[in-house]
Amino acid sequence: AQSVSQHNHHVILSEAASLELGCNYSYGGTVNLFWYVQYPGQHLQLLLKYFSGDPLVKGIKGFEAEFIKSKFSFNLRKPSVQWSDTAEYFCAVNDYKLSFGAGTTVTVRA
Amino acid sequence: NAGVMQNPRHLVRRRGQEARLRCSPMKGHSHVYWYRQLPEEGLKFMVYLQKENIIDESGMPKERFSAEFPKEGPSILRIQQVVRGDSAAYFCASSPEGQGTPLHFGNGTRLTVT
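Residue numbers (the working numbering), protein chains in the order written: chain A, 1 to 110; chain B, 1001 to 1114.
Careful: at least some of the hints might be erroneous.
[Claimed, not checked] No more than 20 Å apart at the CA atoms, straight line, and that leaves these computed lysine to any residue pairs for SDA-like:
(1) B:LYS1044 <-> A:ASN8
(2) A:LYS49 <-> B:PRO1096
(3) B:LYS1044 <-> A:SER3
(4) B:LYS1044 <-> A:TYR39
(5) B:LYS1044 <-> A:GLY59
(6) B:LYS1044 <-> A:PRO55
(7) B:LYS1027 <-> A:SER3
(8) B:LYS1062 <-> B:PRO1096
(9) B:LYS1044 <-> A:ASN32
Don't read these hints as lab results, they were simulated from the structure. This structure is a prediction, so every number in the text was calculated from the model and none was measured.
The whole structure should be built from the sequences, with the hints applied where relevant.
Rendered as structure tokens:
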């Protein structure tokens, strides 16, 4: 079964800072990769997904992620965060069922 | 198009009681997944169902937990004889085609066992 590891449990940064969240998965076969975001008190929402093609994927709200197959990684980035990006971010991998990482809480200070 | 609907939003049960969590998938979605989110942990897969069939229940505890997705009506996650350790947020997700397709999540049911 897939295991997904997210490198940071909690990230605190100031507005306009750049954000990068690490994600590694264990399985080397064909996978579909996702980043979900959970804003306080809300359900999970899809930020972006990678199925195939260009390994640099652009999502909503200025987020992007890069799939590096040789490193089994799918890191999430945003060049300049806003206070409204405060949320919990989950990396997920789907080879049969969706397996989630433990999540990274991102706190953006105004 | 309504999203994934879960109810109740909050559920309080005493130890030993039964908890029934309901999930209505998005219209046109026939694949349902249940996940559990414990404090300080990520989402843990519990079970994957299609209409009237359990496809994968490898994440379900062997005892007290069961799930169904009948031909008509919502999917039900049932927890019998609840214990304090069952306190968690339970999320349901649905997709139209299953494997590989993005999941749409409900708002979750927060179960508190007292």
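Consistency of the hints with the structure:
1. B:LYS1044 <-> A:ASN8: 18 Å, holds
2. A:LYS49 <-> B:PRO1096: Roughly 16 Å separates the two Cα atoms, so the pair holds.
3. B:LYS1044 <-> A:SER3: Measuring from Cα to Cα gives roughly 11 Å; hence the hint holds.
4. B:LYS1044 <-> A:TYR39: Holds. LYS1044 of chain B to TYR39 of chain A sits at ~19 Å (cutoff 20 Å).
5. B:LYS1044 <-> A:GLY59: 24 Å, violated
6. B:LYS1044 <-> A:PRO55: Given pair LYS1044 of chain B, PRO55 of chain A is violated - Cα atoms ~27 Å apart, limit 20 Å.
7. B:LYS1027 <-> A:SER3: Answer violated: LYS1027 of chain B to SER3 of chain A is near 31 Å, above 20 Å.
8. B:LYS1062 <-> B:PRO1096: Between LYS1062 of chain B and PRO1096 of chain B the Cα gap is close to 28 Å, so the pair fails against 20 Å, i.e. violated.
9. B:LYS1044 <-> A:ASN32: With a Cα-Cα distance of about 18 Å, the restraint between LYS1044 of chain B and ASN32 of chain A holds, given a limit of 20 Å.
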